[in-house]
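The sequence shown begins at 8 in our numbering and counts up by one.
The set of hints was computed from the structure by calculation and includes no laboratory data. Take these hints with a grain of salt, some might be off.
Here are the simulated EDC-like pairs of lysine to aspartate or glutamate, each with C-alpha atoms no more than 20 Å apart in a straight line [claimed, not checked]:
| no. | residue 1 | residue 2 |
| --- | --- | --- |
| 1 | Lys910 | Asp928 |
| 2 | Lys903 | Glu845 |
| 3 | Lys337 | Glu316 |
| 4 | Lys998 | Asp1053 |
| 5 | Lys518 | Asp570 |
| 6 | Lys157 | Asp225 |
| 7 | Lys631 | Asp620 |
| 8 | Lys723 | Asp620 |
| 9 | Lys903 | Asp983 |
| 10 | Lys43 | Asp53 |
| 11 | Lys751 | Asp644 |
| 12 | Lys1027 | Glu1041 |
| 13 | Lys956 | Asp905 |
| 14 | Lys43 | Glu89 |
| 15 | Lys903 | Asp838 |
| 16 | Lys1071 | Glu1041 |
Across the chosen pairs, the derived CB separations fall in these ranges [as the list claims (entries may be wrong)]:
| no. | residue 1 | residue 2 | range |
| --- | --- | --- | --- |
| 17 | Asp814 | Ser610 | 27 to 37 Å |
| 18 | Phe950 | Leu724 | 38 to 48 Å |
| 19 | Ser610 | Leu490 | 45 to 55 Å |
| 20 | Asp53 | Pro282 | 30 to 40 Å |
Just so it is clear, CB atoms sit at the ideal spot from N, CA and C, and this is done for glycine as well.
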Amino acid sequence: MTVRLFTVKRFFILCFFTIALGLLVLQQNFRPIALKVLNTLTSAYDIQVKDLAVSFDTVNKLNFKFISLEYEDSVISLHNAELRLVDGYGALKNMALTIQDFEAVTVERIDVNLGYSFLKRRFVGKDNQATTDADVGLSINHLPFIELAKINIYWADDKDLTQPLIEAHNLSLAASGQNQNIAVNQTSRKKSAATSFATSTSTILTGKLLLMQQEFIDIALSLNPREWQLNSDVDINKVLQSLQLLEQSVTQRITATTNTDEQQGLQLLSQALAPVITPISAANYQFNGNWLGQTRLDLPSGSISSHHEISNIEIAPTADNNVNSTISFKPEMPISLEVNYQPQDTHNANQRVSISLAPFSWQQSTSPKALIKLSGYLNDIQGNRADSVANVNQKVEDRQNLEKNQSENNIQSLLTQVAKLSPETNTGLPKGDATIDWSLAFNSPTYMDITLANDSPNSNSHYDLHLASFNAQIAHPLLTTQLIFTDNSAAIANENYQVKSAINVDINQVKPIDLSHLDNVDSTLIIDGASLTGQLAVEHQLSQNHPTTKVSLKQNAQLQLSDLSLISANKLIAFEGLNWQQQGASELSSTIDGSQIKLNDFSFGFDKFHLQDLSTATDTINAKESLEIHLGQFAVDAKQAIELFMPATLPVDELTSKLLPSSMNQPKNLASNNSTNDIKSQPSLLTSLLNQRNSSDLIWQLNDIRIDKLIPTKSKLRRYPLLRLDSLTLEQNLQLHSQLLTGKELWQLDELALSSYHLLQLPKNNNPLSLAGQWHTDSDLAPLLGVLAQTQMLPSDLSIAGHNKLDAGFALVESQGVSLFEMKFTQSLSDVEAQYNEMFFDNGSINAQCQFNWQQAHSSQLLTKTYSQSRLLCQQTELNIANAYVGINLDELNLKADISLGKNEQIPAKNWLQEITGLSDTDVNLTARGNLLDGEFLIPEFFLKLHDKSEGYLMLNGISLQTLLAAQPQVGVYADGIFDGVLPATLVDGKINIAGGHLAARAPGGLIKVSNNPALEQVKASQPHLEIVAQALEHLQYSELISTLDMQQNGDAQLAVQVKGQSKDIERPIHLNYSHEENLFQLYKSTQIGNQLQNDIERSVK
8 MTVRLFTVKR FFILCFFTIA LGLLVLQQNF RPIALKVLNT LTSAYDIQVK DLAVSFDTVN
68 KLNFKFISLE YEDSVISLHN AELRLVDGYG ALKNMALTIQ DFEAVTVERI DVNLGYSFLK
128 RRFVGKDNQA TTDADVGLSI NHLPFIELAK INIYWADDKD LTQPLIEAHN LSLAASGQNQ
188 NIAVNQTSRK KSAATSFATS TSTILTGKLL LMQQEFIDIA LSLNPREWQL NSDVDINKVL
248 QSLQLLEQSV TQRITATTNT DEQQGLQLLS QALAPVITPI SAANYQFNGN WLGQTRLDLP
308 SGSISSHHEI SNIEIAPTAD NNVNSTISFK PEMPISLEVN YQPQDTHNAN QRVSISLAPF
368 SWQQSTSPKA LIKLSGYLND IQGNRADSVA NVNQKVEDRQ NLEKNQSENN IQSLLTQVAK
428 LSPETNTGLP KGDATIDWSL AFNSPTYMDI TLANDSPNSN SHYDLHLASF NAQIAHPLLT
488 TQLIFTDNSA AIANENYQVK SAINVDINQV KPIDLSHLDN VDSTLIIDGA SLTGQLAVEH
548 QLSQNHPTTK VSLKQNAQLQ LSDLSLISAN KLIAFEGLNW QQQGASELSS TIDGSQIKLN
608 DFSFGFDKFH LQDLSTATDT INAKESLEIH LGQFAVDAKQ AIELFMPATL PVDELTSKLL
668 PSSMNQPKNL ASNNSTNDIK SQPSLLTSLL NQRNSSDLIW QLNDIRIDKL IPTKSKLRRY
728 PLLRLDSLTL EQNLQLHSQL LTGKELWQLD ELALSSYHLL QLPKNNNPLS LAGQWHTDSD
788 LAPLLGVLAQ TQMLPSDLSI AGHNKLDAGF ALVESQGVSL FEMKFTQSLS DVEAQYNEMF
848 FDNGSINAQC QFNWQQAHSS QLLTKTYSQS RLLCQQTELN IANAYVGINL DELNLKADIS
908 LGKNEQIPAK NWLQEITGLS DTDVNLTARG NLLDGEFLIP EFFLKLHDKS EGYLMLNGIS
968 LQTLLAAQPQ VGVYADGIFD GVLPATLVDG KINIAGGHLA ARAPGGLIKV SNNPALEQVK
1028 ASQPHLEIVA QALEHLQYSE LISTLDMQQN GDAQLAVQVK GQSKDIERPI HLNYSHEENL
1088 FQLYKSTQIG NQLQNDIERS VK
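Throw the hints in and build the complete structure from the sequences for me.
The structure is reproduced here in structure tokens:
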């Protein structure tokens, strides 16, 4: 029998045992093979596989109980990992694995212990490290299914692995539907990953990251060949808490570690976290909110669109916040933000980014006390920043520090003043701290467009911000404020930028405000019914390092006050219905060369004004003289186009510093090497402003003007009207050029019309301040008398008519503390007629040419007292009256005078006239003449001096006794004759005295007849012994009649009459001596002398 060693059966048995032996050898040596294969795969990434525990179900499925890796000096441990291969046999054959060979990777847990040098390597070597897609080795077309259940990252020496720094939960990367396909259809596991991904719509990466055991972010990343999309969910409070915990952990490890590399790395990490963590920790605020984000990347175009929404957002102070305890930011609706990026392509020359913020609103209630705390903190920050700036010039630094210390115009002082206007200090408001309600509403989306620079050498980045409108409101128990910002835009290009905004302002007062509680307000100041409305346009730009700012106040801006009252030093000043309105746009612009102000039309007025001394109303006994002023409706309308330019490099003189605030008059750009002489040689800021040409047309209107002087007496308070006008209108044109102000005015005082012209020359070229002007009026006397009648107690029976003309010119010069004033005027009254009771005159005229000079020296270092003196000179003053009746007729009355009136405060008053008039000396050289009683009278010369004795005399020539009795008829009395006389007079202390007055009848004398005179008849009846006197007077032909007159200063006069003649029925010559005593001042008031005739005759006979 033949034995065959290699039968078919034996061959199959041999192959089977050979394969079994090979598998056994492979099974026992798979661990070193796997280590070699994995190290080959990870060697490109500086990762070394130290140990592993591996088993496989099939050649395409590997199970790792654990894998220990080392990257640099960091240790990475993978637990319960499963690898699914596309072709395990090919991998074993090639003894190598690539990412394309994997179909799926799942890991239950990954623990990472950071090496001591990990952080140092990341910060120090990151600039030299370059990671590319080739280095990573991942491709969107060859991604396996990856699922990492949990990743923990620990510090280097955390042996217990209980407190991971960073955690990742449920991190998975899979094509859409890939996870389900792998789990369900095991037969499809041999398909390539590329083919599987290509048939799916997208690849999805999901997971949750934690930092310091706090949830950091939830992500979901969807990837497909055309679009990538990232969805994220962040809890802001937990993120900030985790960052703070991380910063605390880093700080602790810096002090605890002994490894130099770790310490340096931790310090670099701490420096990176400081800009974020330090401000948040120092602010003592709690940040809450849920941030949802969605970002899309379009792969073909490279464009990116991102949408973010922050809901339940709240920024509130913590319990440790000592600065702010009430103010928090909590919008009523979520904040939505969209960001879009457009790369450079054939249609877009530059890359563009657009950002839009959806409308949102915010409301807040707080108190002034809380704002004061916050403002104090802000002022401290501002002060610290100012102190940190190095000043080149020590003088500038000292001046800035001085202004900083003295200035009270800062946020804290302002809010402190607002706090003092709390409701308890104002009538009608509830007690307690005032509540201020704030609201901020962005009514329209906010857009920002950013154009990024391209590779072109001249390409620059541009930033454009647009905000249609947002609304800010502040509600205080005393007033409400609303600010509406419209047409807001900002553009930035490199170092150039431009910002624009239009602001609608609406402020309304709710209840009266008493400002006496504020600092630096010593008086009672009450404001009620205030409102301010207007629109501002603000524009600021920087171009080529040249800043430009423009602020425009649009037309129809309005300020109103229903009531404004001020009580100071027992004086009450009250306004009602104050109103200011801007009728044309005004503008303030500023450049590097200076600032320009444009002022347009405006109107201003009030309904009532009242000035009163309150002490006169409460204490009439101790009250002093005071003025009371009442004004009715007032309005001024200005038509103007004023432009003022303020150069930035001009110095400020003394006058400028007094007229302009320091913030405006300080030069902005003085070169440090300019000498003092160069600065002084330049014109001042005020000089520069006044050299410019401007004009303005003003119309002033004022009604119901009442000004009274109140003089207290023992019994009551007497009121004396000083001015009464129903209406006053002024049309004024003002012109300014070369420091010369020219004014033309048309005045209307009730019915009285006047015109004036003024020139104001400001100091220029060492010339002093001067003012010159002219006044003119040409009208009937009726309007002038109408004005005077409202202030002067004119008799009701007095009537005056005529024509008045006045031309006046004046000049005022102010130099070296001395004021000089001179006025020359010509006064002409014509066709004057007047009547008072029975007295009248007509066809009168007055012509006067006068000059008034006034000088005042102001107190100074050389002259400690202020004094003034003045003088009025009227040369060739002339009065003419054609006809007059003052109890007797006067015709052709002519009076000429040279008048000199002086006032000197250094000369005391000597008499009551000087005290009343205030005049220290009066020199009047008077001449007068006229027709009187068919004769004439003449005052050849009379010198009137209030300060000294005055002397003069009155000459009577050809006075008819018959005409006198015709003017003053007596019953039964007839007399005729022509008389001449002289009456010498002296005036001392304002009192007149006549001594040696003489009257005499001309030859041949005249006739006296008295018959049936009641007075004489009574004398005869009562005293029979005077019968002969009465008989002689019945028909007395006198040949000589002489009288003398003496009068004392009180008016008592003695008249002595000597009569010689022949009576008709008496043969003897008659010698009659008659004396009469009478107070001529009283006699002038009455023409009745009959009651004393009997006594006079009796005394003459005796």
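Enumerate the violated hints, using their earlier numbering and listing them in ascending order.
Going through the list in order, the structure violates hints 2, 9 and 19 and respects the others.
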